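> Chain A is fixed; fit chain B onto it per the hints.
One-letter residues, chain by chain:
2 protein chains.
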Amino acid sequence: MNLPLGYRYAAVYAGIRAVERDDLALIVSGLPASAAGVFTQNRVQAAPVRLSRRHLAASRGQVGAVVINAGNANCATRTGAAVALATCKAAARLLHLRVAEVLPASTGVIGVELDAMKIIDALPRAVGGLAEDRFGEVARAIMTTDTRPKEAAGEVRLRRGTVRIAGMTKGAGMIQPQMATTLGFVMTDAVIAPAQLRGMLKRGVELSYNRMSVDGDTSTNDTLLLLANGASGVRPDAGEMARVEAEITRVLQELAKAIARDGEGAGKLITITVSGAPSHAAATRIARSIANSPLVKTAVHGSDPNWGRIICAAGNAGVKFDPGRTDIRLQGVAVCRSGLAAPFSEAELKAKLDGPECDIRLRIRGAGKGEATFWTCDFTEGYIEINASYRT
Amino acid sequence: MNLPLGYRYAAVYAGIRAVERDDLALIVSGLPASAAGVFTQNRVQAAPVRLSRRHLAASRGQVGAVVINAGNANCATRTGAAVALATCKAAARLLHLRVAEVLPASTGVIGVELDAMKIIDALPRAVGGLAEDRFGEVARAIMTTDTRPKEAAGEVRLRRGTVRIAGMTKGAGMIQPQMATTLGFVMTDAVIAPAQLRGMLKRGVELSYNRMSVDGDTSTNDTLLLLANGASGVRPDAGEMARVEAEITRVLQELAKAIARDGEGAGKLITITVSGAPSHAAATRIARSIANSPLVKTAVHGSDPNWGRIICAAGNAGVKFDPGRTDIRLQGVAVCRSGLAAPFSEAELKAKLDGPECDIRLRIRGAGKGEATFWTCDFTEGYIEINASYRT
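Protein sequences, first through last, are from chains A and B.
With the first letter of the first sequence counted as 1, position 205 gets the number 205 in my numbering; the numbers rise by one all the way through.
With the first letter of the second sequence counted as 1, position 284 gets the number 284 in my numbering; the numbers rise by one all the way through.
Here chain A stands alone, though its shape is the one from the complex (with noise of 0.2 Å):
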């Protein structure tokens, strides 16, 4: 992986978990970076959800390091500000950093308090571990029911030489579209100002982050953070912008997938691709309400083609089309043409459906030019036995 430049990394395990694995993580930029983050619409806010936003006004979205926990949300407890804030002073003192300077994002459990000074115990050594190659021991400090971390990287050649563009997150449970969903991190070494990257984001992330889901929740926690610390040098023109843009919705989209595939208990990557609908919303309502359905995600995961669960489940979107002119594909194959069922052989679907990947295409026809993609993850045994014992 060819990592941006200027960016050094470190994890460690701070005590925060009850078993020994690293959960607490650092993402410094050598020069001070342009900053810009999507947080959760959730009414209930972590602290350092909160805080993130606050530092992200204070310091104009200039900001030098990225400070993050797993094992505990710092949600829904009595100390849970000043627990955020310590932590920021902390690091900021190490790295020589204005407090506003370093963003917070925790991950885990709600309603548990977090002692701050396991972390402030514990940053020193992870500021001492800092290395440009150690991106890979953050991606996994911040898993939690993840079964494998998730990166996803690339790279745009403009005329003034490379950008390079790498993110991480977890994911897994508690997930759902409509915003910054989960935990995110990418960064650039491209020149950005911080409102050009707020832009990006925002578009990236409509384009990604909120359309996927795993189970339709949305946590306290979601953060996702695009970082430009222009390390590279190299400034894309007015022309070579929407290049660089592209490539890092494409980054956010492979990030999404990946959580789509490894959603808590997940078998299958789902891809959903709706058509013809009155507009690009109602689209993606098509194909959110489909991806959201528990009943399309278990025959998924039953490799039955129940194609009657899938227009089903557009039927309940709130958008107005006619069944009647529907079209519907499933790995390819068409299993209803008109609303009405379409001669396939069920046993060559079938087998189809045992890949790890299920592609189900609609098609309305006469309604519109709105088109949507939709990724999630079939729904199976290990999801529940997953989060019956979460806590325990």
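Treat the hints as calculated values from the structure; they're not laboratory data.
None of the values given here were measured: they were computed from a predicted structure.
Incorrect hints may have been included.
Claimed, not checked - These stretches of chain A come out as covered by chain B in the derived footprint (C-beta under 8 Å, 3 or more residues):
hint, stretch
1, 57-66
2, 286-299
3, 335-348
Said to hold, decoys possible - Just the calculated beta-carbon pair ranges, DEER-fashion:
hint, chain 1, residue 1, chain 2, residue 2, range
4, B, A81, A, P356, 39 to 47 Å
5, A, S345, B, A81, 27 to 35 Å
6, A, E348, B, A58, 42 to 50 Å
7, B, P124, A, K350, 54 to 62 Å
Here a beta-carbon is modelled for each residue, glycine too, at the ideal position from N, C-alpha and C.
Just chain B, lined up with the frame of chain A:
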């Protein structure tokens, strides 16, 4: 069970199900019965739903029979409308009714042609078997993945005599609030005009079926019918009508709770009560968001007093409230006060959560007087098992 006067019931096996179990049922009133119905809001509506609506309008809410089949939803099929009409015509001929006096309802798989001849051939046997005491056989015949029949009854003593109410329903999966969910048939022998009956059903559904969910999915076939044939000879006076409505609502609530309790794979009935919300509608939204959260439902399954997931789900309801003025009780035990963890014995509460019922109460202070009670079930491995292989 003290059944309403003047109704007869029958159930037979017509060969629609693969296994030999009654799949065709009749409910017949000896007197013309006022009728009211609520139906699915899904954009995709099964043929029997569309025909029932038409017949209710054409008969001006005066019907004689309901014909129900299980095993096939008669939805998204080429011949659906013709099959539903042929079914009503055959029943009308045998029962000496006009076609519009027969209401059809179907439940089962979507997108598979239903053979009308199977129903037409079996109807004479069903009519021949009609009896006042076969209520329970119909309740069993309409079951799909239900593990037990669902019945509820009540009566009201009025000045001029007693009126009786009895209802049956089926549920199990593809169940969500927001509309007449699943199949339900409620009969009374009170004298009530169709227009009045419609208002009663609409209000009653709002407090029962619309306050219940299993998995957040809405069927294409949801049908709830209320019949009042006046066989008791008792016409409630203006003052008494409210008592009759209250009892009908109570029967509807019993049926809705029975559906939640017997949700696919469910082990527990969850009752969610929200109070202090800005409005009743806001309280319902919060309660529904908690009820539809897979994370809350799996935590309850695992007897995990994870109140963080409850407040998180409440925060996703799209209702403005202050989490810092929110209290949560689980099985009567305070687990969250003013948005923060309350001290409680985890072991004792875990033991209390092992029972068959789970009580969640969320109270907001200072926001208003909005209240709602909502029913759902826990989310288990059983749900996945049932739905990963429903058709096969």
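> Each hint should be assessed against the structure and marked as holding or not.
Checked hints:
A stretch counts as covered by a chain when three or more of its residues have a beta carbon under 8 Å from one of that chain; for the stretch 57-66 of chain A and chain B the count is 0, and the coverage is violated. Given as covered by chain B, the stretch 286-299 of chain A passes the check, having 6 residues with a CB less than 8 Å from a CB of that chain where 3 are the minimum. Judged by the Cβ-Cβ criterion of 8 Å, the stretch 335-348 of chain A is covered by chain B as claimed, because 4 of its residues qualify and three suffice. A hinted range of 39 to 47 Å for the beta carbons of A81 (chain B) and P356 (chain A) is consistent with their spacing of about 40 Å.
At about 28 Å, the CB distance of S345 (chain A) to A81 (chain B) agrees with the hint of 27 to 35 Å. At roughly 45 Å, the beta-carbon separation of E348 (chain A) and A58 (chain B) lies within the given 42 to 50 Å, and the hint holds. Evaluation of the 54 to 62 Å hint for P124 (chain B) and K350 (chain A) yields a failure: the beta carbon distance comes to about 39 Å.
Violated hints for the displayed structure, listed by number in ascending order: 1, 7.
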